[in-house]
Each structure stands twice: as C-alpha cells, then as structure tokens.
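The task is simple: from the sequences and hints, build the whole structure.
In the order they appear, the protein sequences are chains R, P and Y. Those letters in the first sequence? Residues 1 to 221, by the working numbering. Those letters in the second sequence? Residues 1 to 295, by the working numbering. Those letters in the third sequence? Residues 1 to 246, by the working numbering.
No wet-lab data here; the hints were simulated from the structure.
Going by beta-carbon spacing under 10 Å, a handful of chain Y positions derived as facing chain R:
#1 Thr69
#2 Val73
#3 Thr156
#4 Gly174
#5 Leu175
#6 Leu189
All C-beta atoms, glycine included, are put in the ideal place defined by N, C-alpha and C.
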Amino acid sequence: MLDDLSRYLGSESTRQLIVDQLVQHVELALLPLVVGVALAIPLGWLAQRHPLLRTSLLGVANVVYTVPSLAFFVVIPGVIGTQILAPVNVIAALSVYTAALLVRPVVDALDAVPGHVIAAATAMGYRPLRRFLAVELPLAVPVLTAGVRVASVSNISLASVGALLGIGGLGALFTSGFQTSYLPPIIVGIVLVLALALVVDLVLVGLRRLLTPWARAGGAR
Amino acid sequence: MKRAWVVLAVLASVVVAGCGGDPTKGGGGGGSGPLAIGSADFAESELLMELYAGAVRSTGAQVQTRPRIGSREVLVRALQDGSLAVVPEYAGNLLNYFDKDATAAKSDEVYAQLQQKVPSGLQVLEKSAAEDKDVLVVSKETAERQGLRSMADLGPKCGDLVLGAAGEWRGRWEARIKQLYGCVFKEIRTTDPAGPVTVEALRSGQVQVANLFTTASAIGVNGFVELADPKQMYPAQNVVPLVRQSALDDRGRQAVNRVSAALTTEKLSAMVRRIEVDKATVADVASGFLKENGF
Amino acid sequence: MTLSWLFDPAHWSGTDGIPVRLLQHLRYTLVAALAATAVAVPLGLFVGHTGRGGVLVVGGSNAMRALPTLGLVTFLFLVLGSGEVSALVALTVLAVPPVLAGTYAGIQDTDAGVVDAARGMGMTGWQRLWRVELPNALPLLLGGVRNAVLQVVATTAVAAYVGLGGLGRFLLDGLRAFDYPKMVAGAVLVAALAMVLDLLLALLQRAVVPRGLRLAARGRGRGPARVVERGRTEVAADAAMREGTE
Chain R
1 MLDDLSRYLG SESTRQLIVD QLVQHVELAL LPLVVGVALA IPLGWLAQRH
51 PLLRTSLLGV ANVVYTVPSL AFFVVIPGVI GTQILAPVNV IAALSVYTAA
101 LLVRPVVDAL DAVPGHVIAA ATAMGYRPLR RFLAVELPLA VPVLTAGVRV
151 ASVSNISLAS VGALLGIGGL GALFTSGFQT SYLPPIIVGI VLVLALALVV
201 DLVLVGLRRL LTPWARAGGA R
Chain P
1 MKRAWVVLAV LASVVVAGCG GDPTKGGGGG GSGPLAIGSA DFAESELLME
51 LYAGAVRSTG AQVQTRPRIG SREVLVRALQ DGSLAVVPEY AGNLLNYFDK
101 DATAAKSDEV YAQLQQKVPS GLQVLEKSAA EDKDVLVVSK ETAERQGLRS
151 MADLGPKCGD LVLGAAGEWR GRWEARIKQL YGCVFKEIRT TDPAGPVTVE
201 ALRSGQVQVA NLFTTASAIG VNGFVELADP KQMYPAQNVV PLVRQSALDD
251 RGRQAVNRVS AALTTEKLSA MVRRIEVDKA TVADVASGFL KENGF
Chain Y
1 MTLSWLFDPA HWSGTDGIPV RLLQHLRYTL VAALAATAVA VPLGLFVGHT
51 GRGGVLVVGG SNAMRALPTL GLVTFLFLVL GSGEVSALVA LTVLAVPPVL
101 AGTYAGIQDT DAGVVDAARG MGMTGWQRLW RVELPNALPL LLGGVRNAVL
151 QVVATTAVAA YVGLGGLGRF LLDGLRAFDY PKMVAGAVLV AALAMVLDLL
201 LALLQRAVVP RGLRLAARGR GRGPARVVER GRTEVAADAA MREGTE
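This is how it looks when you write it as structure tokens:
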C-alpha cells in the first residue's frame, strides 16, 4: 500500500494536480463560509428584533438544513441560472447551508447580550447601528466562531460531493481513483480533506482569540 | 468601536481576497480566458481530453481541463452554454444522440451523417481511425451455459437476465434492442459507465449481462465474453472531437486533428490499459504519447 | 415540469419507480441508523457514566464529522467490493458520531444534584444509569439520532454513485441523461423524506422528555419545547462540548 502511495505521489504531474485541486477545494469550501457569515449576521440581527421574522427565519433555516447537498447542487443552476459546470453552484449551495447553520447561534448570541450592557451603550449615545457593530457583535464573536467552526468542517467535507457534477476540488481525487479502482488518490484525498479541516479549525480558534482580547485578559473563560 | 472595525476589516478583506479568483469564470474560450477542454466520466475520455489539451497547449494557447464531468447529455449542454470548448466524443453514439432515428452503422456513413446532424454552434473535427464501441458482455459461464455468442442469441433469453449499464443506457438503447433483437431484459440495473461498479456487478452475479467498452481492460482481465452485434445496433464509434464553433483557431484545430490522425484503436487500448491496469497517471500517459508523436 | 414528472403514473411502478426507490432509501437509512445507534449508544453511555475517555470520544467524533462522505464511500467500495455492503458500512460509520455525541452530551447534561440524590437513595451504578441518567439523556440522545438520520438520508443519495439504489438514482441518472425534471423530482423526494423523518423524530423527541424534567423546566420558566430544542441545535451542543475540551 505504501509502495502504491509513494509511486502515485512520485509523479510530478500528479503532485501538480493535487495542489490545483486543493486550491480549488479551499475556494469551494471557504468562500461560502465568508458569504454565509455575511448573510447570517444581518439576518440574525433582523430576526432578533422582529419576533415574527425570528420564527419564520429559524423555521426556514431548519428546513434548508435538511435538504441533502447533492440535491441542492443539482437544483441550483436551474434556480439562479448559472452554467451547469460553474463552481459557483457549489459555492452558492454551501453559502446557504452556512447561513442556515449560523442564523440561530447569531440570534442566541444577541439574545445573550446583557440588557444593562445595551443600556449603558445607549446611554453613552451609541446609535443602534453603531451599538450593534461596536458592542453586540463583538460580544457575539465566541458563539459565532463556534458556529463557523462547525460550518467549516461540514463545508470542507461537503465540497467534495461537487465532483459528482464535474466540479473539481479534492472530490475529483475520489472519482478518479474510483474509476480506475486505485486507492492512493482516494487516500490522499481523504487525508487532505481532514488536514484542511484541522488547519482551518486552528485558524478560526486563533481568529477568535484575536477578536476577543477581553477573554484572554480575564485569564479564565 | 475599534473592535468593530477589526471585525469588518477582516470580513471585507476575506471577501475581497475570495472574489479575486472569480468562481464564475468557467472559461469557455469564447473571449479571452483559457480554453476549457472537458471529458466524460471514464478513463479513456479523460485520456483523450489530456491529448487534445496537450496538443492545443503546444500551439501556445491557454488551456484548462475539466475531467470527469458526466455523460454526453451533460457535456453537450456544457458546450452549448459556453462552459466548455472541446470534448472527446464517439461518432456513432454522438450521431444517435443528435438524431434518434439515425441508422448509419459504417464508419464513413456515420461520420458523414454526423457532420450534417451536429446542431448549429457546434461542429466535429476530423474523425480518428481509433474506435471504442459499446459492447454487451457476459461471464464465460453464462456464455457457455446459455450458448450465447451474439446479441441474436441473447434476444430470446433476455427475459431471464439482468443488465448492468450506465444510467443513460435505458433511454438510448432499451427500445432499439427490443426492436432489433427482441430483447426485453428482466431488469436493467443502473451501474456506472463501464466502470468498477458494472464490472463488480457482473463478476458477483448481480447482473448477468453488462454494457462495457471494447477497449476496457476489464474484459480481458476477467475473461468476459463479448457478444457480437450482427445487426449493428451499436454503430461505428470512431473517436471524434466535438467543439464549439469558433472556439479553436486554425492552429488549435490542426493540432487536434494531428492527435486524431496519430491515434489507432491499438494505441488507444494500450494507453487505457496502462491507466486502468498499471495505474499510470492519465497526464503522464498522454504526455508520453504526445512526445512520441512530435508535439 | 417536475410536478408532472412526479405524478406521471409511469414513474410510480417498476424497479426504477418511485415507491421502490423510496423503500430502498428508507431501508438503507433505517439499517444504518439502527446499526449506528447500536454501536454509539452503549459507547456513549459508558463514557458518559464513567467519565472515562470523554475527550477521546468528543475529539474523535468531531474529526469523523470532517470525513468526506464521497471519499469514504469510494474507499470502502474498493476495499470491500460489492456496492451494497460497503455503502451500508460507510453510512453507518458516518451516523455514529452524531449519536455518540448526543448520548455523551445527554449523560453529561444530567443534573449532578439529581445523580447525587439517586446515589443517596441507595441506587447502584446500573440503576442510576437506567433510571436516572438514560431518561434524562433521551432528548439529547434522540437529537443525535435526528442529526444522524439527516446525515444518512443525504449520504445515501451520494452513495448512488457506487451503484446503490434509493432516491439518489433519480438524481444521478437524471443528471447523466440531463433529464432536469427527473433530477429535481429526485431532489424534492430526498428532501421530503429527510424532512418527514426529521419531523417524526422531533415528535418522538418531544414525547420522551421525562415528566420530571418537564415539571422542573416549567418551574424554572422553561417549557419542555426549550429542553428539546437544545438537543436539536447541533451547533449549541457542539460548541458546548468543544468549549469543554479545549
């Protein structure tokens, strides 16, 4: 097995291919993370302020999350009119998943901001938008990153399903290994997906520390 | 407040960085951007894609490959919507796809009809002598026990047999095989395009008949018996590049035609065997062939 | 277009008909979910009750969540051969982490005072597990099962790639034939199946909240729905567990 692996990785063109696919995988999996966060924050903000919106948004988010990924990827070009092979289909689908996953934690986090903190900020003359950006959002960062971490793991794993529709990324290693009954590409693909998930997770933890200095200053969380 | 700006700045910078590589640029080759050459989801198609890609690259053009996209149905759609510029095809099946009633079976007839039937916006370049046909195969035991040598022998016995084939087989051939050989299978089980699922299904007896390709190395490896096709249900299947019109310049066209001229069925199956059996990388096998032929 | 495909009687019969595919999908889902529950619940109970190996279980099940389903399915197909068995093993493997995490979190979540009281009443370890911890853990445990079932329904569709039956066939075959209505019908059916199963499990989850918890929750001003909801939000449970292990 190890022989097979080293022979497989021995080819220059193979290594180049793997790097290309890794890069594309990062794009397919992480871009939706950014888009999803950018969608979830305003949606969560709205939902937290309007009870009716809250119920409906959270309901929709729950439903969206039950739609299987393959089904989603397949339907998207018909809905938004993109080319059938465009990576944007996978990116759009994963963005929607990410947003659906994050809306609830955003709402919960905003709920958890103590009333006296908001009152203090208001008393200091903060207008609602500024108060949201300067006070409520930063306080929501720990919960938000926890959600983003879950979403990143799931995106990185789901992006490989795009290979079934001819949209590259590391999933292409699975289909190519499968079609020639050859394990090394599949093993390399699985290992890289797991490694990517781990690295991204560490980066997110680092990012959270960076954005919540008060948690460190306090010593204990 | 500072904190908020940090949050926003991080978000904004990631968004900007992410948008740098515009994901929607599939690259059709219509305008600038690289020329996209795609393949169906089996090894031989991917090999042909690499051959075309290498040849076109040798003219100095920018090329992007899109391997294992799916079936003909998807590939043609992708050519038409501009996602792809070139895909490797097989004359007979392609003709059948554009014209369900086509009856041509001989190589030259098929190609001549194909040139007329290709919808506007697309065109086929020169056909190669290399051929890779669909073929129904059975295990050696089934062949002996049922006395099967050709699809004519198969016809009356289909009612007891399960066929394993790719998802599109039913739509393409179910009616034809009934009409020509009176064959109505007990069941048509969807496997994959002549890949490991099909081979495994036949080997384990889940299906008794399987649709493979004549160049498939699994036929020799497993001692499967190919059933003759006396009424030529499966037409001649010369390898032929299907391109989006005006996607290739003259030099690109010539380069692809040179690949077609250099290919033979023997060379093609030898290369497929190297990929499927020896597990050589598609790109390496392709570049070896291109070097030998002076690209 | 999709509606007419769905209601075409021709698509409701035969080996490639909707009922057959639906039953196949349901069967794979049930087999994998039951197998995963049989493995994960005892393990989760053991770890939760004894407190041994908690970090390993949580870390391991998080890492497994990153396993790409397509990679696992193709890998097992090549290693084990024959589509159905390998696909079922893959589905089971992917269903274990959520159930394990739910069971473990449920046991951990049991009020320490309640467990102490049970000990004070002279209950043995087994009695505490069966009569106190397990009933308390049930809502979160079932939350894990719900997540597992969603995962399996989705992955079964992907496993059609290695020749598995089920509703995924409509998706992949429809894609191969570029039969858009068939593809969308497949997507709708898979999503509908996922939602119906999720709803049924949600009702079950609501029904198993122990009466004691219900009363206690009311006393603290939290309805039983809230108790259940906590089992549902994967994120919250996950975040809590991760925070605990970091």
